[in-house]
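Fit chain B to the known structure of chain A by using the hints.
There are 2 protein chains.
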Amino acid sequence: MLSEIEPARKIDRDEYKEAERELRWQLLQAQFALQRKGRALLLVISGIEGAGKGSLVQRLGEWLDPRGIRTNTYWLHSDEEESRPYFWRFWRRMPPRGEIAVFLGSWYSGVLQGSIDRPHEERLQAAAGRINFFEDMLNADGAFVVKLWLQLDKEEQVRQLEERAGKQQNPRVTDRPYEIHGHYDRHVEVASQLLRATSTECAPWHVIDASRRRHRELQAGRILLAAMQAELGHSANTPQPVAFTPATDTARLDAVDLTQKLGRGKYKRELRDLQSRLQDLAWEAYREERSVVAVFEGWDAAGKGSAIRRVTHAIDPRLYHLVRIAAPTDEEQRHHYLWRFWRQIERDGRGTLFDRSWYGRVLVERVEGFATEQEWQRAYDEINEFEAQLVEHGSIVLKFWLHISPREQLARFRAREEELHKRHKITEEDWRNRDKWPQYALAVEDMLEHTDTPHAPWTLVAADDKPWARTFILRRFCEAFEAALGVPR
Amino acid sequence: MLSEIEPARKIDRDEYKEAERELRWQLLQAQFALQRKGRALLLVISGIEGAGKGSLVQRLGEWLDPRGIRTNTYWLHSDEEESRPYFWRFWRRMPPRGEIAVFLGSWYSGVLQGSIDRPHEERLQAAAGRINFFEDMLNADGAFVVKLWLQLDKEEQVRQLEERAGKQQNPRVTDRPYEIHGHYDRHVEVASQLLRATSTECAPWHVIDASRRRHRELQAGRILLAAMQAELGHSANTPQPVAFTPATDTARLDAVDLTQKLGRGKYKRELRDLQSRLQDLAWEAYREERSVVAVFEGWDAAGKGSAIRRVTHAIDPRLYHLVRIAAPTDEEQRHHYLWRFWRQIERDGRGTLFDRSWYGRVLVERVEGFATEQEWQRAYDEINEFEAQLVEHGSIVLKFWLHISPREQLARFRAREEELHKRHKITEEDWRNRDKWPQYALAVEDMLEHTDTPHAPWTLVAADDKPWARTFILRRFCEAFEAALGVPR
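Residue numbers (my numbering), protein chains in the order written: chain A, 22 to 510; chain B, 22 to 510.
Here chain A stands alone, though its shape is the one from the complex (with noise of 0.2 angstroms):
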């Protein structure tokens, strides 16, 4: 992929400078249809060493308007970075819709390096994946990826890099280039086989020979307009079939016990116990540096806030963060859905506590119609490889559906109604949710379908007796933590 280039072109400054004027007249009529449509696009510069990303990024950056453009840089990374999923930097970064995201140093950045470093074919492959999902992702949102791929052949990055080991420069170019160029071959070959496996439709490889600068600079600034021109002339969301077919019982549901209770003494007493041991568990957690991501979903009137302040009671609160799930600012509906639940994940040796979550995506938002039938059936995809990547970062993925019956809803909500603390408690919107009880059962059985994964399992909760729902969620908790940190119970 990175030998048969068509070779950089001498170019003088006259027909440059002729070109420029045309192409940035163009590019900014793009970059502002494109603001208008709500469109983002994210703009992958990656190449060899010494081939000129940084100011090839430069350009573009003169080129285009600089508002709403943002560049991201990845070459040193932060402990908060570190401490989270790899993807988490990148996601914390996504432009908004409308606006541009330039990448200089990537997804790519990580495999590449590990990969020159160590080669490992099927590990390279299993990058490709998950890279080619998150893209794929990403343009089924409305997004766009564009990404070029800068090179040089082997004399011309001696040269290169020589002629710039005399200025002050990057020190991880200028402190070791002959080191680099020792790694040439492997590097083309592991480039290679990246570009090739990463070359999608929606997200297609661009190698650009950087021999010559201003060669460079047009070829680059051709390919980003024909792919904002190509993106413009297509419909946003062309909507893509996924084969699916929605549940029509409520079988698992209706497998749960809700006869299943706890006596109060009982209860009190295991209470304390189940508490006293998650505590010791969470501190346990924070020394082996591994978090905990659970999220909390039931039925309204479920019980799931007082289950999770029987959780958050055992554990210091220097040690987790509870998020509520409610409507999304604009910042966040200027995102892909996911991107709120990302800002939110918290670093090693600490949980994230959501009630309500991603998953409001396949139950509220398909039920009332807030996502389309595309979209909300692409999440669970979108959800198992999100829940796939904490685990594999780590994390304990913990899920829970408080499960209630209707006759029990109705008792809570009355009661609700009459406690004066509680009231703010039960809405208008409680009644008619519970109007749409067969749709949401339906919508929860083809959740546990789709997203009970060996990684991320569900956990139904008996929840008609409060008791018993809270010490089982407590001692799923325990046994998770057990189970990850090796501890005998």
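Hints are not guaranteed to be accurate.
Straight-line distance between alpha carbons at most 30 angstroms, and here's what the computed DSSO-like set of lysine-lysine pairs gives [to be verified]:
1. B:Lys457 with B:Lys487
2. B:Lys58 with A:Lys446
3. A:Lys487 with B:Lys457
4. A:Lys446 with A:Lys487
5. B:Lys38 with A:Lys287
6. B:Lys487 with B:Lys443
7. A:Lys457 with A:Lys287
8. B:Lys31 with A:Lys287
9. A:Lys38 with B:Lys282
10. A:Lys443 with B:Lys38
11. B:Lys31 with A:Lys289
12. A:Lys282 with A:Lys446
13. B:Lys38 with A:Lys282
14. B:Lys282 with A:Lys31
15. B:Lys287 with B:Lys487
16. B:Lys443 with B:Lys282
17. B:Lys38 with B:Lys282
18. B:Lys487 with A:Lys38
19. A:Lys38 with B:Lys446
20. B:Lys457 with B:Lys443
21. A:Lys38 with B:Lys287
22. B:Lys38 with A:Lys38
23. A:Lys58 with A:Lys282
24. A:Lys38 with B:Lys443
25. B:Lys443 with A:Lys58
26. A:Lys457 with A:Lys282
27. B:Lys457 with A:Lys31
28. B:Lys446 with A:Lys58
29. B:Lys487 with B:Lys289
Partner residues aside, some chain B positions facing chain A, computed with beta carbon under 7 angstroms [stated by the list, open to error]:
30. Trp96
31. Asp100
32. Leu125
33. Ile137
34. Pro338
35. Glu352
Read the hints as simulated data drawn from the structure, not as lab findings. Beta carbons: idealized from backbone N, C-alpha and C, even for Gly.
Just chain B now, kept in the frame of chain A:
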């Protein structure tokens, strides 16, 4: 201050339950009322080690509605925090209007710990002054701060810490309880000083004898409730008259010699030399971990954008972040106006360049009436304090006002209308702003008068001749770097 506290009373279970029920209900009402009024609450929980701060935070979290509360803990710092001015870590966790942020560990922690380790009366007073300014500023913006200090006497602290020593706990406590105890007297002395110095009218400290859990919780709840209710009684933004005499002439602007020019040949040479010098200096600043914060303000069409490009062209894109200030997002609107600038500040060793900035508060927001008189008048001090914090942290602060004559502006507006790829840069609004030239000029004079500080001086740039302006700015950049880095020219 810590010796004359009301001793904890023994409260039996029934009395506690009864009081809790009532308190909880009232706290919820107050919370909802504050939400409706859009008032943010910062609750600082501080005190001596072993006093049960963590468990108090949990209890308050149970009493209040967890929607709209976030608990922030500061006990381990991240490198992202440590490579920015101290208050950045608090600004990033400011509650939006209508919400509550609990701070376990806060802006008091640093000075307290520092003063216990190495007492220094003057430093403590200076830190207290900074804190008071911070809290007053939030208060003026409609937020309010409630501060609780949990105190134990010497014997009780030993008892509490020994009791916990068996359990797995916060390693900071359990690993060295006696060491802390050994410092008891000094801790109390320093804390007393600090509490006295920071007990202001708008945010007094409340000290609680923490030796009995029920007493501690009810006391804390009642103090919080009283503060919330008092705040609900006030109208937001109590007008604080500021003695302010607006400028009546434009002497400083008029003194700029707009006839200064640079010929084309000289410009090219100087530009190349300055950019090459700046490139090296930016890398040197990176190695020395010094950051630069540069503000570009000026008349419409004064050439801010193209001057910035001459600067960024010289700096590796890995080393700076360019921020174009446009309309605030709604997340930004729900915070103090400085929040959206704080959130952009880059880490040590890198630059943050602002194309328009926080000075909008005293320019466009003043002239167009987007900010009230009190708001823009107090902004001068707020801005000076913000910049002082940057400088104290080690950042190089540069502020440029690009000055042109009304005649030159008119010529440039007309030229923009004629040039295809510049036409998007001229709008109706630009013409409207031009009509308000005299009002803007007076606002600029006031800005220069009040924010041209020794630590962060303004640089007035004669910008009728673009080559002159660009090289002038680049030279100022280089000189500021050289002075800060001790690089001989």
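Do the hints match the structure? See the list:
1. B:Lys457 with B:Lys487: Distance of about 24 angstroms is within 30 angstroms: holds.
2. B:Lys58 with A:Lys446: holds (20 angstroms)
3. A:Lys487 with B:Lys457: violated (66 angstroms)
4. A:Lys446 with A:Lys487: It holds: about 17 angstroms lies between the C-alpha atoms, which stays within 30 angstroms.
5. B:Lys38 with A:Lys287: holds (21 angstroms)
6. B:Lys487 with B:Lys443: holds (16 angstroms)
7. A:Lys457 with A:Lys287: violated (36 angstroms)
8. B:Lys31 with A:Lys287: Measuring from Cα to Cα gives roughly 28 angstroms; hence the hint holds.
9. A:Lys38 with B:Lys282: holds (25 angstroms)
10. A:Lys443 with B:Lys38: Holds - the C-alpha atoms of B:Lys38 and A:Lys443 are around 16 angstroms apart, at most 30 angstroms.
11. B:Lys31 with A:Lys289: This hinted pair holds, its Cα atoms lying about 24 angstroms apart.
12. A:Lys282 with A:Lys446: The given pair, whose Cα atoms are some 25 angstroms apart, holds under the 30 angstroms limit.
13. B:Lys38 with A:Lys282: holds (25 angstroms)
14. B:Lys282 with A:Lys31: Violated, at about 36 angstroms.
15. B:Lys287 with B:Lys487: holds (13 angstroms)
16. B:Lys443 with B:Lys282: At roughly 24 angstroms apart (the allowed maximum being 30 angstroms), B:Lys282 and B:Lys443 satisfy the hint.
17. B:Lys38 with B:Lys282: Given that 30 angstroms is the threshold and the Cα spacing comes to 80 angstroms, the pair is violated.
18. B:Lys487 with A:Lys38: holds (20 angstroms)
19. A:Lys38 with B:Lys446: At roughly 21 angstroms apart (the allowed maximum being 30 angstroms), B:Lys446 and A:Lys38 satisfy the hint.
20. B:Lys457 with B:Lys443: holds (23 angstroms)
21. A:Lys38 with B:Lys287: Holds, at roughly 21 angstroms.
22. B:Lys38 with A:Lys38: violated (80 angstroms)
23. A:Lys58 with A:Lys282: Not OK: A:Lys58 and A:Lys282 at ~55 angstroms, beyond 30 angstroms, violated.
24. A:Lys38 with B:Lys443: holds (16 angstroms)
25. B:Lys443 with A:Lys58: holds (21 angstroms)
26. A:Lys457 with A:Lys282: Status holds; Cα separation ~27 angstroms.
27. B:Lys457 with A:Lys31: Violated, at about 51 angstroms.
28. B:Lys446 with A:Lys58: holds (20 angstroms)
29. B:Lys487 with B:Lys289: Answer holds: B:Lys487 to B:Lys289 is near 12 angstroms, not above 30 angstroms.
30. Trp96: holds (5 angstroms)
31. Asp100: holds (5 angstroms)
32. Leu125: holds (6 angstroms)
33. Ile137: violated (20 angstroms)
34. Pro338: Holds: closest Cβ of chain A sits about 5 angstroms from B:Pro338, inside 7 angstroms.
35. Glu352: holds (5 angstroms)
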